[in-house]
Amino acid sequence: MSGGHLHALHVHGHSPVHRMAPEAKVAALLVFVLGVVATPREAMWAFGIHGFLLLAVVTFAELPIGFVLRRMTIEAPFVTFALFLPFLGGGAETEVLGVGLSIDGLWGAWNILAKATLGVGASVTLIATTEIPELLHGLDRLRVPRLFTAIAGFMVRYIDVVAGELQRTRTAMTARGHDPRWLWQVGSLATAAGALFVRSYERGERVHQAMVARGFDGRMPPIDERRATPIEWASAMAMPLTAWMTVLLVLVTP
Amino acid sequence: MHIPEGFINLPTSLGAAAVAGGSVWGSLRAASRDLKDRLVPFAGLTAAFIFALQMLNFPVAAGTTGHLLGGALAAILLGPWLGIVAVTVVVVIQALLFADGGLVAMGLNIVNMAVITALVGWYVFRGAVKVMPRRSGLLVGSLAAAWASVVVSSIGFSLQYAIGGVGGVDPILVVRSMVGVHGVIGIGEGLITAAAVGAVLAARPDLVTGTRGIDDLETASTSLSRKAIGGFVGAGLAVAVALVVFVAPLAGSAPDGLVRVAEATGFAAAAADNAYSGPLAGYGVAGLDNEMLGTIIAGVVGTGLTFAAGMILVGVVRRRSHHAGAA
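Sequences listed follow chains C and E, in order. Heads up: the first sequence is residues 1 to 254, going by my numbering. Heads up: the second sequence is residues 1 to 327, going by my numbering.
Bound-form chain E, shown alone (with noise of 0.2 Å):
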């Protein structure tokens, strides 16, 4: 997720870098306002927390692992403000010490992952939890909030990508793959989201600021039923292949990257070469027809192949980090 140097140009680095020096100077003043002296070690301490939080390996399927990103949890536990803080301050120093995401880089990395998910996390558990305040918002607050974290994040680099990105991929497959993939991941963000917010209610409801000023949640807390992850995951997936194959499709129609995976893959090219073959063949209704389903056929491949290709990943990682583990 920690985006290198020379991958989005210069301007829109620069640009970043402002918006995300505002929103961290402006979340500093709002934090050390709730917090007064209290702010450093508080603030050191949850970054610290993120940070081991990030190293949690937790179990995805058959033996692969992913981790937190935390954003979302960090702003419900904490508020916004400190939550942006706390998740900042862990994007630099993984700038910083481990090289991890670049320099120049550093402000788009804090606004996708500091201000983004920390201000959607919060205002969709806020919302939720206004709408429901019983159990079942706290339920599907911290799933939604955790879950929406991650995927308008993703969202957000597909745009920084769209603005400035290098390569010439048609952004319209870039917010497909991203979208389809963190619609993904983001299933597995809120159900660790939403057990570890239970778990902190259970034993300190005092600390979880997100529900401060809802007086029946103040003492409620939760826990995840079979019944309840199962239909997370299918809403969630569900949500995540409704995006890839219809909200993005309506915005271009065949878009040229989208064709050469399509092609690459094999599924799709005989429909798309169908719907350019003749001069009339592009204004039939079978045509048409063809190239729409190609278009899904090839975004749905795309975002299974980027998935795939995101989990061999996640492997070569976690492998890489297990040798770091033992040296």
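For reference, chain C alone in the conformation it holds in the complex (with noise of 0.2 Å):
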């Protein structure tokens, strides 16, 4: 809950992933995540050629490999529910030091953890190397509407914000003695919460005031930045064609 949290996933760099226009590498992600998933399961050393390729960015976007490891984590709780499927799956089982575990659920779990931890790792490696508001361009160039982004780089921006405010109310009851441990004491925090919604509306109005006395007619103005090249969508794509051959590869293989 400390301050600049937003921003705790960027790694500052200049590296050739670092400068790459936003919309080129959203786009490179997003066909790359969707490669992963298509990779049939059984297919093992296909998503090792996956995460070889992941590796290949890491390194060329000079990011430490424990950083990108460490925010990893964010994945646990599924990878903990995958863990539990080689127990619960049903059909045909197998003996593993006398446990009898479900071959379905043994391939789901690997699937789970496979696909995830590539999503996962590929998601990281573009936020550490892209800035909130290059984000937010890039989803702008890929025809997500502007309405959506518009919001969404509101909500960013005043994040710390209202978060802020929630911090300060927190600090303001725990120094009058406030540490609820069961649920019967939950009032006074979700009071708060009231209080807070109560605060962020009134901060949206201010700001509402703020921006028609500086002329804002309902739309947002466009975004008029430099767009990416041909290379640098040729050089962005390499990576998740690459993977996606390797999907057709093993799709027509038999």
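Hints listed in this document are in silico derivations from the structure and should not be mistaken for laboratory results. Just so it is clear, the structure is predicted and the values come from calculations on it, not from any experiment. Possibly wrong hints are sitting among the right ones.
As the list claims (entries may be wrong) - Simulated coverage check for chain C against chain E, where a stretch passes if three residues somewhere in it have a Cβ under 8 Å from a Cβ of chain E:
# : segment
1 : 29-35
2 : 144-154
3 : 161-168
4 : 194-200
Think of the CB as a built atom: it goes at the ideal place given N, C-alpha and C, for glycine as much as any other residue.
Two chains, each in its own frame: build the complex with the hints.
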């Protein structure tokens, strides 16, 4: 809950991956992850190639491996769920150390572990090499509705303000001896949440008035910046297209 | 709650993405019709509020904590359309900036966490305050809306798993554990939502979209009494257990995975074995009874185990976020 958490995932740098146009990076991430998800789970070697490609980009982006791995722990809850699958899955079984494990469940666990890990790794790589405003511009240029990217931009801009308000409320409550441990003591925190909503909404009203005062007419001004060049597109897409060629190779080989 | 890549297959994920895209597009249009040029700053600030709210740890029991999902609260305060937009922005930002939830799975997460929770929360709340246009309607409405939003959302996930989930876990087992666990989680969600709605009504009743057009309520306020809390916790637990124990077994008798859970715990092994031990036993009334009993015990034990696993996970995640906060 410390301040500035939104930027904690970014690693400042000047690598070619950092400098690449954001729309090309976002598109490359999406195509890569689609390829990973489309890979049949039995093709273990294909996941090896995906992993190698991802590792190559991480190296190219000059990101510390430890940082990427630490950030990937976000997937921990579902990975734990995946570990239950061999015990809960149906169908044929195999014996491991005297315990009957579902074969389908084992494949399912592998499927989640492999694909979730590659997906999270790829996402972390994008965030680590792209500033948040750049990322939103990228989405904008990929034809995500401007209304949506504008709302997301406001959210990103004000999240630290709102979270800071919440943090101060909590500090004030803690200073007055507030230390709830049971669900029925939740009232004061929930009331604080209600107060936070009123504050956020009223801040929205003030922000809107300030925007109107500066000539806002309901349309977000277009963002005119450099766009990805064909060479940038080609270099960004090289990695996901290699992944897709692997997928196609798996699909055509019997 | 955020589904990662690889959990639900590609066609199902893409189908959910289409549903999510359509719903969000429609909600954006409806919300901008209501709010006009105020939409962008309002939706942005509200999304920031929900994001902050999800970082707020609420006590559950003995020092463990959980956090609010907020879909129903957003819908009651903002109406369903702005509610869907705000929670969707939160889900998208969590996936893009925190890698929390997959990109291909984003449609699934938007459907479960934004669309279902906001729509269910809104219509349950509006139904309750129209039927009971008094303070009791507000209380019952917000408690029930939040509880139902969480439970229906978990049923939505179970459906998606049944259609395209990996691992071959019996869908009945999934729906049973999900409903059982979320029936309990929904109690916390309900209490917090009701108290938060009450607090907003006390300060700025004009901001609560859910009470608009109902004269008696536009200036009403509500607070949670000890009796109301007790009654709601009791009712929520009773409905959750009833759903798990009585509804699910009717849908399928002694499913494969469930028996496995039962055997793993050792509780229902005898009962289940009895039911299958001889060609005649299965037809006997005693065998049938044992099978039903075994299924029910397995259901309760399975739910308990899943809930315990969930609590441990919450503990682990909480410790991790504390470290992150200290760093």
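Going through the hints against the structure:
no.: 1; hint: 29-35; verdict: holds (count 4)
no.: 2; hint: 144-154; verdict: holds (count 8)
no.: 3; hint: 161-168; verdict: holds (count 5)
no.: 4; hint: 194-200; verdict: holds (count 6)
Hint violations for this structure: none, all hints satisfied.
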